[in-house]
Amino acid sequence: EAGVAQSPRYKIIEKRQSVAFWCNPISGHATLYWYQQILGQGPKLLIQFQNNGVVDDSQLPKDRFSAERLKGVDSTLKIQPAKLEDSAVYLCASSLGDRVTDGYTFGSGTRLTVV
Amino acid sequence: DAKTTQPNSMESNEEEPVHLPCNHSTISGTDYIHWYRQLPSQGPEYVIHGLTSNVNNRMASLAIAEDRKSSTLILHRATLRDAAVYYCILKGGGYQKVTFGIGTKLQVIP
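Chains A and B supply the protein sequences, listed in that same order.
The opening residue of the first sequence carries number 17 in the numbering used here; numbering runs sequentially from there.
The opening residue of the second sequence carries number -16 in the numbering used here; numbering runs sequentially from there.
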């Protein structure tokens, strides 16, 4: 099966600019996650969707970050305006559902550098 | 506020077994133990998961302590391609947030 697709692979922007990341999950996976991974740390959950509804966005900085999952398939994550501390790898993951036995499939991520 | 504790780094010689420990003393009765690994410049990939019994698959084995407060991921013969960061996470039901710690960076020495 095809994996989780993310684009772009790399992005460099200046602070206060905006940026958007795109994710296409595995077909049939109802649950989609966006994680932020700062260098040397583990992934941190930003937002979790079940189909096209948000089930957890408690760690999403909502003053600058937004995410949507239209039609319960593809998803975009946007940052506006970006800050230097947003430099990180943004990982998208999907799973069949949210059962305890459902594993995650991650994409390769988008490496964002804010200068 | 990771719910699991792992050593920051470990080394292993190539073709020898590797035992990666994880402590999860606050595990609840319904939490499954999942292991993922992250190769350089890639997203994490699933390795194995279990609840109470020891588990085996083509990638690794998972040994779970009787009291479930710790577990060990076993790579039977480490290869250079196993050099990665290994994460142990707890996954409960009902949309409980999963927290990744910093994991164990495994170095495999030729």
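Please note that the accuracy of each hint is not assured.
As the list claims (entries may be wrong) - To give an idea of the chain A side of the interface with chain B (calculated C-beta under 8 angstroms), a few residues: (1) 57; (2) 58; (3) 69.
Just so you know, the hints here were simulated from the structure itself, not pulled from any lab data.
Beta carbons are placed, not taken as given, at the ideal position from N, Cα and C, and that holds for glycine.
Status of each hint after checking the structure:
Checking residue 57 of chain A against chain B: minimum C-beta separation of about 6 angstroms stays under 8 angstroms; hint holds. With its C-beta approaching chain B no nearer than about 3 angstroms, residue 58 of chain A sits inside the 8 angstroms limit, and its interface hint holds. A least Cβ separation of about 11 angstroms between residue 69 of chain A and chain B goes past the 8 angstroms threshold, and the interface hint is therefore violated.
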